[in-house]
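Number of protein chains: 2
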Amino acid sequence: MKRFLTFACLILTVGFVFSQMASGQSDAGFKPASSNIQGADFPKISADNSVYVRLKAPDAVKVLVQGGDGLCPKPIDLVKDSTGNWNAIIPAAGPGFHYYWFMVDGVRVNDPGSDTYFGYGRPTGGIEIPVPGEDFFQAKNVPHGDVREHWYFSGITGKWRRAFVYTPPDYEKNVRQLYPVLYLLHGAGENERGWSLQGHMSFIIDNLIAGKKAVPMIVVMDNGYATARDAPAAPAGFSMKDLSKAAETLEQVYVKEIIPDIDLSYRTIPKRESRAMAGLSMGGLQTMLIGMNHLELFSYFGFFSGAIMGNILEDPKTAFNGVFADAASFNKKVKLMWFGAGSGETQFVKMVEDSRKKLEGLGIKSTSYISHGTFHEWHTWRRDLNEFAPLLFK
Amino acid sequence: MKRFLTFACLILTVGFVFSQMASGQSDAGFKPASSNIQGADFPKISADNSVYVRLKAPDAVKVLVQGGDGLCPKPIDLVKDSTGNWNAIIPAAGPGFHYYWFMVDGVRVNDPGSDTYFGYGRPTGGIEIPVPGEDFFQAKNVPHGDVREHWYFSGITGKWRRAFVYTPPDYEKNVRQLYPVLYLLHGAGENERGWSLQGHMSFIIDNLIAGKKAVPMIVVMDNGYATARDAPAAPAGFSMKDLSKAAETLEQVYVKEIIPDIDLSYRTIPKRESRAMAGLSMGGLQTMLIGMNHLELFSYFGFFSGAIMGNILEDPKTAFNGVFADAASFNKKVKLMWFGAGSGETQFVKMVEDSRKKLEGLGIKSTSYISHGTFHEWHTWRRDLNEFAPLLFK
Numbered sequence: 291m292k293r294f295l296t297f298a299c300l301i302l303t304v305g306f307v308f309s310q311m312a313s314g315q316s317d318a319g320f321k322p323a324s325s326n327i328q329g330a331d332f333p334k335i336s337a338d339n340s341v342y343v344r345l346k347a348p349d350a351v352k353v354l355v356q357g358g359d360g361l362c363p364k365p366i367d368l369v370k371d372s373t374g375n376w377n378a379i380i381p382a383a384g385p386g387f388h389y390y391w392f393m394v395d396g397v398r399v400n401d402p403g404s405d406t407y408f409g410y411g412r413p414t415g416g417i418e419i420p421v422p423g424e425d426f427f428q429a430k431n432v433p434h435g436d437v438r439e440h441w442y443f444s445g446i447t448g449k450w451r452r453a454f455v456y457t458p459p460d461y462e463k464n465v466r467q468l469y470p471v472l473y474l475l476h477g478a479g480e481n482e483r484g485w486s487l488q489g490h491m492s493f494i495i496d497n498l499i500a501g502k503k504a505v506p507m508i509v510v511m512d513n514g515y516a517t518a519r520d521a522p523a524a525p526a527g528f529s530m531k532d533l534s535k536a537a538e539t540l541e542q543v544y545v546k547e548i549i550p551d552i553d554l555s556y557r558t559i560p561k562r563e564s565r566a567m568a569g570l571s572m573g574g575l576q577t578m579l580i581g582m583n584h585l586e587l588f589s590y591f592g593f594f595s596g597a598i599m600g601n602i603l604e605d606p607k608t609a610f611n612g613v614f615a616d617a618a619s620f621n622k623k624v625k626l627m628w629f630g631a632g633s634g635e636t637q638f639v640k641m642v643e644d645s646r647k648k649l650e651g652l653g654i655k656s657t658s659y660i661s662h663g664t665f666h667e668w669h670t671w672r673r674d675l676n677e678f679a680p681l682l683f684k
Numbered sequence: 291m292k293r294f295l296t297f298a299c300l301i302l303t304v305g306f307v308f309s310q311m312a313s314g315q316s317d318a319g320f321k322p323a324s325s326n327i328q329g330a331d332f333p334k335i336s337a338d339n340s341v342y343v344r345l346k347a348p349d350a351v352k353v354l355v356q357g358g359d360g361l362c363p364k365p366i367d368l369v370k371d372s373t374g375n376w377n378a379i380i381p382a383a384g385p386g387f388h389y390y391w392f393m394v395d396g397v398r399v400n401d402p403g404s405d406t407y408f409g410y411g412r413p414t415g416g417i418e419i420p421v422p423g424e425d426f427f428q429a430k431n432v433p434h435g436d437v438r439e440h441w442y443f444s445g446i447t448g449k450w451r452r453a454f455v456y457t458p459p460d461y462e463k464n465v466r467q468l469y470p471v472l473y474l475l476h477g478a479g480e481n482e483r484g485w486s487l488q489g490h491m492s493f494i495i496d497n498l499i500a501g502k503k504a505v506p507m508i509v510v511m512d513n514g515y516a517t518a519r520d521a522p523a524a525p526a527g528f529s530m531k532d533l534s535k536a537a538e539t540l541e542q543v544y545v546k547e548i549i550p551d552i553d554l555s556y557r558t559i560p561k562r563e564s565r566a567m568a569g570l571s572m573g574g575l576q577t578m579l580i581g582m583n584h585l586e587l588f589s590y591f592g593f594f595s596g597a598i599m600g601n602i603l604e605d606p607k608t609a610f611n612g613v614f615a616d617a618a619s620f621n622k623k624v625k626l627m628w629f630g631a632g633s634g635e636t637q638f639v640k641m642v643e644d645s646r647k648k649l650e651g652l653g654i655k656s657t658s659y660i661s662h663g664t665f666h667e668w669h670t671w672r673r674d675l676n677e678f679a680p681l682l683f684k
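Order-wise, the sequence lines are chains A and B. At position 391 of the first sequence (counting the first as 1) the number is 681 in my numbering, and the numbers step up by one without a gap. At position 358 of the second sequence (counting the first as 1) the number is 648 in my numbering, and the numbers step up by one without a gap.
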């Protein structure tokens with residue numbers, strides 16, 4: 291009975307708050323999110339980063355809102371008002387970018403007030419939560435590089451593939467200058483636009499270069515999925531076996547197509563000392579699976595919440611054709627083995643610790659960074675890039 | 291009664307067809323659209339370009355599909371099968387790209403099987419219908435230019451703005467070469483990504499350059515909306531007064547910010563003889579409103595289904611400070627006044643005819659092109675660009 295009263299009281303309170311809001315009095319503290327599409331009043335964010343969402347759906351029977359870790363991983367019910375709008379307030383959200391969506395009578399619907407981003411294997415809405423005192427990922431009054439949509443035909447997959455290529459601010463002026471290259475990989479269910487759109491990678495690198503914290507570099511963001519021509523689609527599972535299998539074709543595409551194409555198309559320094567590879571989640575795993583087989587191509591590695599699970603390092607002496615067996619040789623060749631995770635994504639923090647412990651047991655040097663108060667989400671990876679990029683090519 | 295029987299018969303037939311399809315037998319003629327996101331089986335297209343759409347929505351009460359002209363401007367009901375999937379077949383669609391969406395219990399929902407594109411003022415699904423015998427807008431085995439995401443701070447609007455800039459295939463190699471520039475504007479409810487994403491402009495220009503039909507050029511695609519810093523948002527209406535008012539700030543942004551920024555950032559030929567402006571629908575109107583005031587900046591103009599209505603040319607002798615009054619001088623300065631429309635968008639065909647007639651009455655030369663069998667939609671504008679670009683900078 292007590293629980294019922296508490297619940298009824300909550301409903302009444304929510305109803306009262308929304309009726310107040312409907313009359314335009316109590317939502318004064320809420321302002322449209324910076325990520326809203328032009329002219330959209332909702333979603334709105336309060337000073338404590340609570341998020342007020344609204345969807346017009348007069349005929350719907352049940353509407354929920356759900357989002358990623360740091361926003362609302364558990365669905366929250368919206369309440370219908372007399373005008374046919376459904377409303378909810380998501381309590382204090384975590385910093386940075388989060389995916390979110392509505393469920394309208396069981397169907398997933400993106401908020402028309404927000405833009406969509408490719409996540410969860412489909413276009414998915416997203417919102418930018420303010421991060422007081424942290425602006426390394428914002429556009430600032432510094433010289434800006436370009437992010438280029440670059441198409442190339444892949445004989446291995448039999449398809450045109452699209453990569454995004456960041457060229458640094460001075461690239462247009464110093465037309466004889468050659469640049470090192472970071473290959474930066476996205477996560478499962480995302481695509482080659484993730485790092486520039488959700489990740490704000492160009493602003494992060496622009497700001498680091500302007501602050502003389504990172505050297506000017508080219509950054510290549512390709513699609514993390516590759517299926518060989520005429521082969522059945524790569525397994526979509528998340529088992530280590532499925533992910534490893536899916537990475538085999540991608541490895542061929544990197545070695546035989548992406549890297550040669552980039553070296554041909556842009557003013558790169560085409561040497562292992564000037565090439566880095568890093569990725570988030572699935573992309574972190576791919577960095578391990580592809581990178582460790584190709585020390586002749588890369589000398590810096592970043593694993594951002596890398597999905598490095600299972601037996602990949604179980605027998606590290608024999609893994610990757612024994613690349614870790616001679617620690618002195620490995621440490622000489624590889625300038626950086628960098629692991630990152632968000633403090634809130636505990637299983638990935640454990641993967642970082644386990645991986646580093648295993649490498650340490652073999653005498654392989656590595657370093658790590660934990661992003662405070664973030665989860666398996668873009669704000670972790672934005673911070674990762676901001677910490678990682680300054681260590682490259684020096 | 292006869293109509294009832296016909297209707298009942300149709301329902302039974304549709305039900306039978308879908309039950310056959312559910313058992314995997316009768317949809318053999320349908321293949322996933324080329325525009326589907328990776329791994330999505332639906333929407334599917336038949337040999338006669340009928341479109342089979344499906345949405346999983348077991349709890350929904352009513353589901354419709356609707357799209358742009360050339361697809362299904364009038365909503366079509368979907369029929370629920372025993373597995374909770376709703377199905378419909380849209381009869382023979384027109385060529386090229388079309389926007390479309392579902393209405394689920396009154397809420398607009400994008401098909402999770404298709405990517406989204408910015409249209410109708412929000413992210414909106416789209417599908418690519420095959421166009422037999424017409425491949426000028428497809429990626430081909432020719433050298434490809436890059437489309438660059440280029441950020442700049444606009445003091446006039448007080449905001450960071452994003453432009454997309456196409457640089458031609460030889461731009462990277464001929465590092466001393468300067469290039470002419472086409473400023474290409476999108477339509478109402480769309481944004482600066484429209485021309486590269488929906489329009490395939492890079493493939494169109496790549497193919498024209500490879501075929502030596504167009505000269506290598508830079509193409510700049512900026513956002514068509516601009517609101518002065520601290521001003522209330524520009525009126526969203528579609529009256530001539532609202533659109534003209536909204537274009538005033540954009541004019542300032544073009545003259546004082548976009549064009550100087552592009553001339554500073556890229557290897558342009560910064561002269562009126564090497565500058566063109568063209569736009570579709572609202573962008574065609576803006577090309578008229580901005581361009582005719584600035585013959586000192588541009589010498590080629592394209593109006594693609596240009597929304598040039600009302601009194602803009604009513605008193606053409608005095609319009610735009612009398613720019614049309616001296617025909618000989620105008621014809622000498624302006625190399626091209628090019629009007630285009632799709633044969634199916636009759637009101638725009640009429641606008642083309644009316645505009646040209648008024649200009650002709652003043653002795654102003656112009657030319658026009660009608661795209662056969664297309665409407666107020668991207669396939670019209672893809673063809674427009676393919677016809678227009680070869681006439682530039684020669």
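Simulated from the structure, these hints should not be mistaken for laboratory data. Each hint should be verified, as a subset may be incorrect.
Each computed DSBU-like pair below joins lysine-lysine, with the alpha-carbon atoms no more than 35 Å apart [to be verified]: (1) B:LYS463 with A:LYS623; (2) A:LYS684 with A:LYS502; (3) A:LYS503 with B:LYS463; (4) B:LYS364 with A:LYS352; (5) A:LYS352 with A:LYS502; (6) B:LYS647 with A:LYS449; (7) B:LYS346 with A:LYS449; (8) B:LYS561 with A:LYS352; (9) A:LYS546 with B:LYS364.
Tested hints:
1. B:LYS463 with A:LYS623: Roughly 33 Å separates the two Cα atoms, so the pair holds.
2. A:LYS684 with A:LYS502: holds, 12 Å
3. A:LYS503 with B:LYS463: holds, 30 Å
4. B:LYS364 with A:LYS352: holds, 27 Å
5. A:LYS352 with A:LYS502: violated, 53 Å
6. B:LYS647 with A:LYS449: violated, 47 Å
7. B:LYS346 with A:LYS449: At roughly 29 Å apart (the allowed maximum being 35 Å), LYS449 (chain A) and LYS346 (chain B) satisfy the hint.
8. B:LYS561 with A:LYS352: violated, 59 Å
9. A:LYS546 with B:LYS364: Roughly 49 Å between the alpha carbons, so the hint for LYS546 (chain A) and LYS364 (chain B) is violated.
Of the numbered hints listed earlier, those contradicted by the structure are 5, 6, 8, 9.
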